[in-house]
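Participant: One-letter residues, chain by chain:
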Amino acid sequence: MNMGIALRRPPIAPAAVVLGALMLLGFVVALIRYASGLGAISNLNDNYGWGLWISFDLLCGVALASGAFVTTSIVVLFGGERYRPLIRPAILTGFLGYLMVILALLVDLGRPERIWYLIIFWNHHSVMFEVGWCVMLYTFVLALEFSPLVFTRLGLQPPHRLIHAFIVPLAVAGATLSTLHQSSLGSLYTILPDQLDKIWYTPLLPLMFWLTAVAVGPAMVILESTISSRVFRRGLELDLLGGLARWIPFILAAYILVKFGDLAGSGELDLLVDWNLESGLFWLEVMGFAFLPMVLFSLPAVRQSNAWLLFSALLVISGVILSRFAVSLIAIGRPEFAASYVPHPLEFAVTIGIIAWGVAVFWFAARYLPLFVKHTHSPAGEQA
Amino acid sequence: MAKMAILFDAFRCTGCRGCQVACKQWNDLPAEETRNTGSYQNPPRVSADTWLVMQFREVDNGDDGLAWAFGRHACMHCVHPACVSACPVGALYKTDEGPVLYHNDRCIGCRYCMLACPFEIPTFQWNEGLFEGAEIKKCTFCIDRLSAGMEPACVHTCPSGALMFGERDELISVAEARIQEHPERYIDHVYGKDEAGGTSLLYISPVPFQELGLPELGTEPIQEKSEDIMTKATPAVLVTMLVGLSGIYWVVKRRQEMMGKKTGARGR
Ligand code: SF4
Ligand code: SF4
Ligand code: SF4
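Keeping their order, the protein sequence lines are chains A and B.
By my numbering, the letter at position 285 of the first sequence is numbered 285, and the numbering carries on one by one without gaps.
By my numbering, the letter at position 49 of the second sequence is numbered 49, and the numbering carries on one by one without gaps.
A portion of the hints provided could be inaccurate.
Claimed, not checked - Here are the computed lysine to aspartate or glutamate pairs in the EDC-like style, where the Cα-Cα straight-line distance is at most 20 angstroms: (1) B:K94 with B:D194; (2) A:K198 with B:E220; (3) A:K198 with B:E224; (4) B:K193 with A:D194; (5) B:K253 with A:E81; (6) A:K198 with B:D96.
Said to hold, decoys possible - The calculated label-pair distances, taken between Cβ atoms and stated as ranges, are: (7) B:A67 with A:W283: 39 to 47 angstroms; (8) A:V295 with B:M259: 32 to 40 angstroms; (9) A:S279 with B:P43: 33 to 41 angstroms; (10) B:P30 with A:L31: 49 to 57 angstroms; (11) A:I120 with B:Q25: 31 to 39 angstroms; (12) B:Y93 with A:D194: 19 to 27 angstroms; (13) B:Y93 with A:D270: 36 to 44 angstroms; (14) A:L31 with B:N61: 53 to 61 angstroms; (15) A:I120 with B:M258: 46 to 54 angstroms; (16) B:P43 with A:R230: 50 to 58 angstroms; (17) A:D239 with B:T219: 53 to 61 angstroms; (18) B:G62 with A:D194: 23 to 31 angstroms; (19) B:D60 with A:L31: 51 to 59 angstroms.
Because the hints were derived from the structure by calculation, they are not lab data.
No residue lacks a Cβ here, since even glycine has one placed at the ideal position from N, Cα and C.
Turn these sequences into a full structure, and let the hints guide you.
Facilitator: Listed below in C-alpha cells is the structure:
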C-alpha cells in the first residue's frame, strides 16, 4: 500500500499545492472578516442581507449532502442491502457537507461566537430555529454514523459495536431530521409572500425543497462515486449506481406535478406564459433539469452507461442549484431602493476555500480510512 | 398600557426632515458619508446609523406637472411583527405598549429578520468585527422617552403637525375623521390599519401609498404561512416520519425473515 502511494505522488502534488493555497486563502479571508466585519470581505448590504453563502453554501450545500440520508434509508431501513458498498462514501460526503455548512455559517453569522445560543434561547415560531436545531442534531447523527470507520481504523471494537447496535434508530433519526431540515430551508422563504415572485412563492416550498433533495441524493452518489473511482483508480459500482438511479424519475415526476399543481391551484398558471426572468428560470428548471433527467434516468441504456449516468446526475444537481438560487436570491424583489448585489470576489474565496477543505478531508479519509468496501465488480480493492 | 402609535399625514408634511435629524440627535447616531444620488433624499435608505429616512418622491400631478410626495421610512412597529416571528433566539420582541424592541445580548446575527420584514427595516452593522460585536439596528419607538412619559423625538420635533403620537385606536379615528372632512385631500384609506395585520405607524396620504414607498400588502400577518408550517406541519411531519420509517423497517425486516436467510444475509 505504501508503495502505491509513493508511485502516485507526482500527479497529486500540483493539485495538492493548489488545494492548499485555496484552503489558506479561505482561512485568511475569514480572519479579515472576524477583524473588520462582513462589509470588509463581502458585498452584502442592508437590501441583500443574505447572499452567496446562504444561497450556495447553506441551501445548495445541505441539499447536495442528502446522499447520506437517502442511501442510509435505502440500505438500513428499506432493505436495499445490495447498496451497502455505497453507504460509507455517502455518509462521509454528507458529514463533510454538513461540516462545510457549519464553517460557512461561522463566517456568515454576524455573531458566530454565539451560535450555541440556539440551544438556550428558543423561538419555536421561527423557521430559523428549526434550521439551526436540524443542523446541530443531524451533524451529530452523521458523526455517529461516520465514527465506525474511525473506530475500525484504530482497531477499537467496543465503541464500534455500540454504534452498530444503534444503526437502525440512527437511520430513522437521520432520515427524519433530514426531512425536517431539507424542507425547513424551503419554509424559510414562506415568510416572503409579498417579496418573492409569484411563480416561485408557494407555501409548498418545503415540499419542493424536500423532493428535490431526495432526487439529488442518488445523483450526488453517482457524481461522488464517479470522481472517486477515477481519482483512486478503483472500479465503479455501475450496476449499483444504475439501480439507485431507477428511483430518481419517480421523485422528479412528483416534483413536476407539485410545481404545476401548485400554480394551477392558485390560478397562476398564466404567469408562465409571461416571458420574463422568473418564468424563464421556471421553464429551464422544470424542463431542462427535471423533465429531461426524468426521461433519461428511466432509459435502461442511460443507466448502463457511466457517461450518461453522470450527465443525467449533473442535470439534477444543476436543477437543485438553480432552484435554490432562484428562490433565495434571483426571484426576490428589492425594487424600492434600486438595490443590487453581486458577490464580492472574496465571498467566492470563502466558498471555494471551504470546498477545498472538504475535498482535502475527503481525500485524506479515502486514503486512510476503510471507505470503499470491496465490491464484486471492482478490481482488487486497495483497502483490502 | 394602551397600544401606542404614530400617525403620519403626508398631506401636512413639508419634507423638512426635522424628524430625521431629531432621531439622529436623540439616539446619538453618527453622520453617514453619502453621495449625491440625484435626489433630495439622503441617505438612500435606513441603515445602522440612520433609523428614519424621509423619502423624496416626485409624483405626476396631471396638468400641474410634478409634485413632491414625502414618505416616512422607519420601523412600522407591526402589531404582528414578522421580524419577531423570524428571530430564532427571540432577540426581537414586541412590547405590550406597541414598540418592537431588540435584545442585543441575544442576537446571533443570522439576519433572517432583515429578510422577513416586509418594509426592509432591520439593518446590520456591516463594519463591526468580532471584537466590536455587530448588531441589528432599527427604530426603537424612542422607548426611553416613552417610559419617561415623553413622545418620540420625531413627533416632538415635527413643525407642521404631520406627525402625531397617541393611542392606536384614537389615531385611527383621527385619521378617518381627517379623510372624511377633506375627501378631496386624501386617498380614502388609512395605511397600517389592516396592512400585514396592522402596524403602529399609520399613514394618510393625498397620493397612492406606493408613491410614498410603501409596499402593497394583504391584511394577513406576513408570517401566517411560516408559523402554520412551524406549529402545525412540522410536528406532524416529525411524528409521521418517526412512525412511518420505523414501520417500514419493521415490515421489510419481517418479510426478509420470512423469505429465509438467503436474501437477508447481513454482511459485515
Ligand atoms: S416594520 Fe419590520 S422591523 Fe419593524 S416591527 Fe414590522 S417587521 Fe419588525
Ligand atoms: S439577526 Fe439577530 S435579531 Fe435578527 S433574526 Fe437573527 S438573531 Fe434575531
Ligand atoms: S418633521 Fe414633520 S414635516 Fe418635517 S419631514 Fe418629518 S414629518 Fe415631515
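Participant: Each hint: holds or not?
Facilitator: Right, here's what the structure says about each hint:
Distance hint between K94 (chain B) and D194 (chain B) is fulfilled; the C-alpha atoms sit about 18 angstroms from each other, no more than 20 angstroms. The straight-line distance between the Cα atoms of K198 (chain A) and E220 (chain B) is roughly 17 angstroms, inside the 20 angstroms bound, and the hint therefore holds. With a C-alpha separation of about 17 angstroms, the suggested pairing of K198 (chain A) with E224 (chain B) holds against the 20 angstroms cut-off. In summary, the hint linking K193 (chain B) to D194 (chain A) is supported, as the alpha carbons are separated by about 18 angstroms, within the 20 angstroms threshold.
A C-alpha spacing of about 11 angstroms is found between K253 (chain B) and E81 (chain A), which places the hinted pair at or below 20 angstroms, so the restraint holds. Our distance criterion of 20 angstroms between C-alpha atoms is broken by K198 (chain A) and D96 (chain B), whose separation comes to about 34 angstroms. Between A67 (chain B) and W283 (chain A), the C-beta spacing of about 43 angstroms keeps the proposed range 39 to 47 angstroms intact. Checked against the hint of 32 to 40 angstroms, the pair V295 (chain A) and M259 (chain B) passes, with Cβ atoms roughly 34 angstroms apart.
Between S279 (chain A) and P43 (chain B) the beta carbons are some 35 angstroms apart, a value that agrees with the proposed interval 33 to 41 angstroms. In this structure the hint that P30 (chain B) and L31 (chain A) lie 49 to 57 angstroms apart at CB is violated, the actual value being about 27 angstroms. Between I120 (chain A) and Q25 (chain B) the beta carbon distance is about 37 angstroms. The supplied range of 31 to 39 angstroms therefore holds. Checking the proposed 19 to 27 angstroms range against Y93 (chain B) and D194 (chain A) shows it holds: the Cβ atoms sit about 23 angstroms from each other.
At about 42 angstroms, the beta-carbon gap between Y93 (chain B) and D270 (chain A) stays in the expected band of 36 to 44 angstroms. A hinted range of 53 to 61 angstroms for the beta carbons of L31 (chain A) and N61 (chain B) is consistent with their spacing of about 55 angstroms. Taking 46 to 54 angstroms as the suggested C-beta distance range, the pair I120 (chain A) and M258 (chain B) conforms, at roughly 49 angstroms. Under the hint 50 to 58 angstroms, the C-beta atoms of P43 (chain B) and R230 (chain A), about 54 angstroms apart, fit the expected range.
One distance hint, 53 to 61 angstroms for the beta-carbon pair D239 (chain A) and T219 (chain B), holds here, with the actual separation near 58 angstroms. Checked against the hint of 23 to 31 angstroms, the C-beta distance between G62 (chain B) and D194 (chain A) comes to roughly 30 angstroms, which is consistent with it. Between D60 (chain B) and L31 (chain A) the C-beta distance comes to about 52 angstroms, which sits within the given range of 51 to 59 angstroms.
Hints 6 and 10 from the list above are not met by this structure, while the remaining hints are.
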